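Work out the full structure: start from the sequences and follow the hints.
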Amino acid sequence: MSGHSVEEIRKETRVYLVIFFVLAALTAVTVGVSYLHLSTGMAIAVALMIASIKGFLVAGYFMHLLSEKKLIYSVLILTVVFFLFLMAIPFGSEYGSIGG
Amino acid sequence: MEIPYTVDARPDTGLYNGKLGIWLFLASEVMLFGALFSSLVLLRTGAESWPKGWELLNVPLATLNTFILIGSSVTVVMAWASLRLGNFNRARLYLIVTLLCGFGFMIIKGIEYGTKFSHHIYPKTSTFYSIYFVLTGLHGLHVLGGMIVFAYFILWGGKMWKSEPERFTNRIEITGLYWHFVDLVWIFLFPILYLL
Numbered sequence: 003m004s005g006h007s008v009e010e011i012r013k014e015t016r017v018y019l020v021i022f023f024v025l026a027a028l029t030a031v032t033v034g035v036s037y038l039h040l041s042t043g044m045a046i047a048v049a050l051m052i053a054s055i056k057g058f059l060v061a062g063y064f065m066h067l068l069s070e071k072k073l074i075y076s077v078l079i080l081t082v083v084f085f086l087f088l089m090a091i092p093f094g095s096e097y098g099s100i101g102g
Numbered sequence: 009m010e011i012p013y014t015v016d017a018r019p020d021t022g023l024y025n026g027k028l029g030i031w032l033f034l035a036s037e038v039m040l041f042g043a044l045f046s047s048l049v050l051l052r053t054g055a056e057s058w059p060k061g062w063e064l065l066n067v068p069l070a071t072l073n074t075f076i077l078i079g080s081s082v083t084v085v086m087a088w089a090s091l092r093l094g095n096f097n098r099a100r101l102y103l104i105v106t107l108l109c110g111f112g113f114m115i116i117k118g119i120e121y122g123t124k125f126s127h128h129i130y131p132k133t134s135t136f137y138s139i140y141f142v143l144t145g146l147h148g149l150h151v152l153g154g155m156i157v158f159a160y161f162i163l164w165g166g167k168m169w170k171s172e173p174e175r176f177t178n179r180i181e182i183t184g185l186y187w188h189f190v191d192l193v194w195i196f197l198f199p200i201l202y203l204l
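If you're matching them up, the sequences are chains E and G in order.
Each number in our numbering comes from the position in the first sequence (counting from 1) with 2 added on.
Each number in our numbering comes from the position in the second sequence (counting from 1) with 8 added on.
In case anyone wonders, no lab produced these hints; they're calculated from the structure.
The structure presented is a predicted model; accordingly, all values stated were derived computationally and were not measured.
If you anchor each label on the Cβ, the simulated ranges turn out as follows:
(1) E:Ile79 <-> G:Pro19: 18 to 24 Å
(2) G:Pro68 <-> E:Arg16: 29 to 35 Å
(3) G:Pro19 <-> E:Val83: 23 to 29 Å
Cβ atoms here follow ideal geometry from the backbone N, Cα and C, with glycine treated the same way.
Written as structure tokens, this is what we have:
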């Protein structure tokens, strides 16, 4: 990244500002949707969807994951696999099926 | 002894060592917070009833904290961009704003906690509050950790800019990656704890 030209870096900073405003707008949408008092399942789905979009913007642009080296992608793919396994554990448990 | 690959990329990884190091660390952090998120799912699905976060917690303050953290993510990435443009003074200013955002976040979190404690609400009060205090407390510790690093760079660490500007720029980049991760965790914590 450090090898980029001055103009390219200036262009990047403009993208960062745009992402900031999109993130701020999505935060407002998240809070606004919570006042609609949707059903629990729908509220969780909408909140997680908006959070995932925000997460993609932060990881993709601020953390430059859209243009990273293969090794970092390999590390993160492994991380995601184990993370998903962790998140699946409750649903395979005895308690996970109660009142879910 | 000189530390290798602090600026140039290693031929086999294509990355300078600090960058690979911070990503491996962040991967372990994903598992740390992942275990707690998994616990939250287990506790919530296993409970006969679960309170609505917005009925118990201060949503406006948490929303303000979300804006503050998002703003600080921008300022830290702007600090990095300023260094790449050779402007140390502007980068330092952005780092100071980032640190102030960290202070703002912690003060608001302190107000939230203080209000709860004044109403005799503690982690032992309920399962909801126990997971709320553990998750937000651990996240707050991460914010504090980032603030200490930023304070170091603002007060002392900036000296490196004069002797090794590229190495200093890389240091700010990897600190920024950590800070963005802290922001990322909050992006999920906020709706899950406060809005659902």
